[in-house]
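Enquirer: Below, each chain spelled out in residue letters.
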Amino acid sequence: MSRELTYADAIRDGFAVAMERDPRVLLMGLGVPDPKGFFGTTVGLQQQFGTERVMDMPCAENGMTGVVLGAALNGLRPVINHQRLDFALLAMDPVCTQAAKWNYMFGGATKMPVVFRMILGRGWGQGPQHSQCLHSWFAHIPGLKVVMPTTPYDAKGLLIASIEDDNPVVFIEHRWLHHIKGEVPEGHYTVPIGPARLARAGTDVTIVAFSYMVLEALEAAQRLDSLGVSAEVIDARGLRPLDREAIAASVQKTGRLVVADTGWGTAGMSAEVIAVASETSFRSLKSAPRRVCFPECPTPTGPSLAAEFYPRSGHIVAAVRETLDWAPEPSDWLMPAGIELDKPNPAFTGPF
Amino acid sequence: MIDLAPSSTSSETELSHRLLESMVRIRMIEEAIAERYSAQQMRCPVHLSIGQEAASAGVCAALRHTDQAMSGHRSHAHYLAKGGNLRAMIAELYGRETGCCKGRGGSMHLVDVDAGFVGAVPIVGSTIPIATGLAFADRLLRRDRVTVAFLGEAATEEGVFHESANFASLHQLPIVYVCENNLYSVYSPLEVRQPAHREVFEVAAGHGIRSRQIDGNDPLAVYHLMKESVAYARSGEGPVFLELKTYRWREHCGPGFDNHIGYRTEAEYQAWRERDAVASTERRLRDAGAYDEERIDRHREHVEGEIIEAFAAAQRAPFPAGSTLMNHVYSEGSHP
Ligand SMILES: Cc1ncc(C[n+]2csc(CCOP(=O)(O)OP(=O)(O)O)c2C)c(N)n1
Ligand SMILES: [Mg+2]
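If you're matching them up, the sequences are chains A and B in order.
Sequential numbering from 1 applies to the first sequence in our numbering.
Sequential numbering from 1001 applies to the second sequence in our numbering.
Okay, chain A solo, but in the shape it has when bound (with noise of 0.2 Å):
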């Protein structure tokens, strides 16, 4: 049986499931229990499971984190909640230096079963230090797995898939994602790592996005083909292992590319799918790729310069437009009317 459900309760839908099914698995965070359930991801687990197994933490990323390698390696399936991914990043030795490695460093002698959990703000004064789109940094560490569901339905199964999955995985949500309804069948069910989705079908440019910008990408193509360019979007999904046949087959048969990312484009995924593409599909190019990345400078807080900052789908249409030499179109880059850049859905009205 499927449901549309918002991809917050996808989410929550996914942790009932997979501790439903397996009384290892544990829910470790700050603010996992709260009133408001982690923007709703986590509403009701405490009371369904219990206080042992759905715990607050004391406000110490780094050593929660290591703590939580410590009870994987004894038998438990942590999954650590970060409510920004910039508070993650106080935990980066035992995310990267110690979870990614132990498995190999070892020789195979111990398993890291566990689920970092970490959500990209945006928006409403969010700026510097609440939004940070770092998940490239992750994708380059060999011995991670790093994914970004776009959809309600990716978004459980992929939870599942990572909870389920022997290794550390890192699951990143963009807070702008949360709210989007869509199918999800009830029980359990998972979703690979690695293959990336066709989002849409297309024949005359590839669009490869990130998370939160395969909507931007969506909106783009319909724009694109009311200009008579059919688009192919591909909803990446995985970041690592990245799906690099995926990418080559679109690309071989579309000629042209498109990444759009929701982070910066210097040394960032966007990079490596190009990467892919000039390695596996050099002949098929007929023109540049082209990169929709953000501006490369911190995220500000206040919405003039916000609005600024974050790219959109005109940012794409303009980015294909270049692809087929065609003339720049100022009207692209317009903001579009009566929407709010700062606000993650209309009924948003603050505080964070």
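Everything labelled a hint here was simulated from the structure, so no lab data went into it.
These numbers were taken from a predicted model, which means no experiment stands behind them.
Backbone N, C-alpha and C define an ideal beta-carbon position, used for all residues, glycine too.
Among the clues, some could well be false.
What the hints assert, rightly or not - Distance windows between CB atoms, simulated:
id: 1; chain 1: A; residue 1: 192; chain 2: B; residue 2: 1261; range: 35 to 43 Å
id: 2; chain 1: B; residue 1: 1332; chain 2: A; residue 2: 283; range: 53 to 61 Å
id: 3; chain 1: A; residue 1: 329; chain 2: B; residue 2: 1265; range: 39 to 47 Å
id: 4; chain 1: B; residue 1: 1191; chain 2: A; residue 2: 110; range: 27 to 35 Å
id: 5; chain 1: A; residue 1: 336; chain 2: B; residue 2: 1191; range: 18 to 26 Å
id: 6; chain 1: A; residue 1: 348; chain 2: B; residue 2: 1264; range: 23 to 31 Å
Unchecked claim - Non-contacting residues of chain A with respect to chain B, defined by C-beta distances greater than 10 Å in every case (computed):
id: 7; residue: 3
id: 8; residue: 43
id: 9; residue: 90
id: 10; residue: 97
id: 11; residue: 181
id: 12; residue: 344
Based on the hints, put chain B with the ligands in the right spot on chain A.
Expert: Structure of chain B with the ligands alone, referenced to chain A:
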């Protein structure tokens, strides 16, 4: 800084009035922010200090203008008590070019270098080592200056607190860690974060730091303890840690009240409302027959004027132009 001979009653009375004025000003400004927040023009999270004003007032009154301070997400009161510019703070909340961060920071990032408020950031604990570094530089450069690191009790759970405290103790740095223990970190009570059989200030004592715990809602007591602590740190004897027990009245973040959502009880909240530092300071002065009501009324009127002016100026001010987006990513300076 308020420098009066603490022994005489008349100076105690004057001190109480000044602390009261400082607290009243902070509360009125915070309430003005709360009242206007729903208009959705201050598009940033706001962490108000209503209920905790005595800490900032008492602590900063014991500092010199040249002393320095740093803070975290709940920093309005610290910034204001240290002498931070009100207009620049309100403009920053409105995201305007005239804000203290030129519209790049918002409520959680305040700075006024001229007032010795060197910066506040919303990553819990992050300014603790940085403030320790301010004191470290002052020690190496033989400056006569004390640094205050404002922190919440949850910040003592972060590793950097311990690493900083160890270093400050090792080098006897001129720093006072002022920890406002308001019992909560967002919705998480102290019980789920720290052992019940150990007080927060005892942790710092374990690092060999002079540590004290005090009623953070008693501005006079905070002032006198801080005065002594600053003198101790300034004289080179080493760092001090102060735990000020207090309580925030409103929600962790935002303008409203949230006792109904269930993470704390109405009874607990009411008990702390009874311990309102503004009301109790007034009462104490009144009981001693020393309350200058007219003075405080005049002060309120003055602050009301300041507030109206600061909000009006903020709303008139331009937003930073889109063309300035890339400004300030790097400093232009170099030292060949
Ligand atoms: C490293 C880090 N972890 C988590 C958060 C989320 N957070 C913001 S404020 C806050 C509460 C901190 O509590 P405390 O230090 O006691 O200060 P209070 O809010 O009570 O003044 C938390 C956990 C954060 N900003 N930074
Ligand atoms: Mg607190």
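Enquirer: Against this structure, judge whether each hint is valid.
Expert: Results of checking the hints against the structure:
1. 192/A - 1261/B: 35 to 43 Å: holds, 39 Å
2. 1332/B - 283/A: 53 to 61 Å: Given range 53 to 61 Å: violated, Cβ gap about 45 Å.
3. 329/A - 1265/B: 39 to 47 Å: violated, 60 Å
4. 1191/B - 110/A: 27 to 35 Å: Holds, at about 34 Å.
5. 336/A - 1191/B: 18 to 26 Å: Since the Cβ atoms of residue 336/A and residue 1191/B sit about 47 Å apart, the hinted range of 18 to 26 Å is violated.
6. 348/A - 1264/B: 23 to 31 Å: holds, 25 Å
7. 3: holds, 28 Å
8. 43: Residue 43/A clear of chain B: closest Cβ-Cβ about 12 Å, beyond 10 Å.
9. 90: violated, 7 Å
10. 97: Holds, since 15 Å exceeds 10 Å.
11. 181: holds, 25 Å
12. 344: holds, 12 Å
This entry does not satisfy hints 2, 3, 5, 9, going by the numbered hints stated previously.
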